[in-house]
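A.B. asks: Okay, here's what each chain looks like letter by letter:
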Amino acid sequence: MTDTTQAGASKIKLGLFDMTPRQVVLMRRVPVVVVSVLVGFAAIWVLFLADRSWTTDTSAGSAIAEPGEFLVTFLDGLTFAGLLFVVASGFTLIFGLMRTVNMAHGAFFLFAAYIAISVQQKMVGKSRNIESSDVSMLDWFVPLLVGATVAAVVGVLMQQFFLRWNQGQDLRQAIITIAVTVILADQMLFQYGGLAKTMTWPGDVVHFFEIFGQRYASSRLFMFAISLVVAVALWVWLNRTRMGMVIRAGVDDQEMVRALGINITLVFGITFFVGSFLAGMGGVMGASFSGVALGTDGQWLLNSLIVVIIGGLGSIKGAVAGSLLYGMVTAFSPAYLPSDYTFYSIIFTFVILAVVLAVRPNGLFGRTE
Amino acid sequence: MADTLLHVEGLRAGYGHSMILEDLSFSMGTEAVSIVGRNGMGKTTLCKTLMGMLVPTSGSITFDGTPIDGLPPEKIARHGIAYIPQGRRLFPSLSVDEHLQMFAKGTRGKRWTPEAVYELFPRLAERRGNGGAELSGGEQQMLAVGRALLLNAKLYLMDEPSEGLAPTIVDILIKAVHHLIEEDSAVLIVEQNLRAATSMAERQLVMVSGQIEHETTAAELRDDAALQKQYLGVDA
Ligand SMILES: Nc1ncnc2c1ncn2[C@@H]1O[C@H](COP(=O)(O)OP(=O)(O)OP(=O)(O)O)[C@@H](O)[C@H]1O
Ligand SMILES: [Mg+2]
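Protein chains in written order, with the working numbering: chain A, 1 to 369; chain B, 1 to 236.
It should be emphasised that the hints constitute simulated quantities derived from the structure, not laboratory data.
Among the hints, a few may not be true.
What the hints assert, rightly or not - EDC-like cross-link-like pairs, simulated, lysine to aspartate or glutamate; straight-line CA separation at most 20 Å: (1) Lys75(B) x Glu255(A); (2) Lys175(B) x Glu119(B); (3) Lys75(B) x Glu210(A); (4) Lys154(B) x Glu213(B); (5) Lys154(B) x Asp184(B); (6) Lys154(B) x Glu134(B).
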């Protein structure tokens, strides 16, 4: 070992090993190679190898043998990704412009959901066992707007009263937003109790249709359509309006935007409104899709974090990519893991996190600073 | 300089405990003034302090009759100072046209609109759709100037506009500065490039270690090799 070190001045010390620059370059490719092999294996597994009946014992058959199960799993992933995007885009928008990690994002999700549920109960005139047939489109969209707007207003108040004075002080902002989360969670427990609650989809969107012999709920596609509308609206706002230009410029170089005479605090307020509104909207969609309960707030803060860490903090494109990746893994891993191992499907989430961070430490679309 | 536009008195500023500007004073009217000095003398620090990006620890800055020290950058910009920073600081996420459209609000009927900027720098018009990072150094500088022009300011503050640019591009910038002065704007140029400094402004302030140590004229500075060597480190 000592001999080789002395042998060449061109050797580079990397951890325990001495390597030539060429070897170092090869080492850097290792994660890429490992990822390609893993992805390739997963694809072959899902396409050909997975088998419900005997050897591998997965809950869905391979894509070739059971195209219906594959398609359903894919749609599950896609529609969940839509919901993830709505919530995480708000989170990443706020972070991108203000460098504020809003730990209260999940609390806004849950708060909006509870508000929407009670508004829906008032509108329908029942406080329990609401059936889809009781719910008109209006009985769903009005609560959505009310819930999301309340979340947005609470977000702006929090920003104006507490965060504005601590711009650039990450730790203080994190602690303030955690405090808001704790207080909100406590108030919600008091108001709404600890039991799970659901929002009811409007009757017009609740149908089942058949794909390759599988039943599928159209309400999930309805939810996905809303996510698409949100994505398009965000894209237009950020790319086709003057305020969007200011926001993108502010993400690049906030100090310079100010030095050119733009009042960025106003832009901050509006961004916080939109970001919290999206959290609230996601909350109402999530409450209709799978219900909410105490603890859902923490779950969705974590979901948002995972999406933006994969996609890159502050990037809307990254939020799309992160949502898709996370959504797909969440849908595919329980369906295609051998039944004895489905319990471990959650681990796959962290596998993607680890892999993405190994290959691109700033996330897929994150910028290097 | 009939009326004073900018008056700086006893300015002290720096980063944390390291004071860079030490008791700096000067004043200027609606004219072109250049500040020259070697690397690290505090020229950029002065620009940042004038723009409110750094808060001075003492001293005063009066612009157009109102004290502006301690104001945030956006307020100072609205008082009528447009900043063209060292290194351009364009926005990588924005196209050329977006850099201008972003500031187009309220420019209608004023001297500088996006169209007027394209007329001044036709090369930018050809690159409308390009991103800021896809421009050559000269085009980037033109865009940084164009962006600042849209503020229709009273004073344009330029930090080393000629840095890293070919002589032909520097000529375009010199022309643009002359243009501004003919139209009664004031220009404060920070430069290390002697040719650019002396052809843009008649008054030359020499900055040494955070102070204005000497005032001279363009002609004098151009001809005095000893002065150049002493203050600019230029070997003639
Ligand atoms: N952000 C900062 N933090 C701490 N010190 C700084 C910072 N920026 C500049 N300095 C220091 O302040 C001094 C003056 O820097 P300044 O950028 O004002 O010089 P300059 O005259 O503009 O130089 P140049 O001609 O190279 O642009 C330098 O010694 C520099 O190291
Ligand atoms: Mg400088």
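A.B. asks: Does each hint hold? Answer for all of them.
C.D. replies: Here is what the structure says about each hint:
1. Taken as a hint, the Lys75(B) and Glu255(A) pair is honoured in the structure, with Cα atoms around 13 Å apart against an allowance of 20 Å.
2. For the given pair, Lys175(B) sits about 13 Å from Glu119(B) by alpha-carbon distance, which is consistent with the 20 Å threshold.
3. The suggested pairing of Lys75(B) with Glu210(A) is violated, with an alpha-carbon distance near 62 Å, which exceeds 20 Å.
4. For the given pair, Lys154(B) sits about 26 Å from Glu213(B) by alpha-carbon distance, which is inconsistent with the 20 Å threshold.
5. Between Lys154(B) and Asp184(B) the CA atoms are separated by roughly 8 Å; this keeps the pair inside 20 Å, and the hint holds.
6. For the hint pairing Lys154(B) with Glu134(B), the CA-to-CA distance comes to about 31 Å; that exceeds 20 Å, so the pair is violated.
The structure fails hints 3, 4, 6 (numbered hints given earlier, in ascending order).
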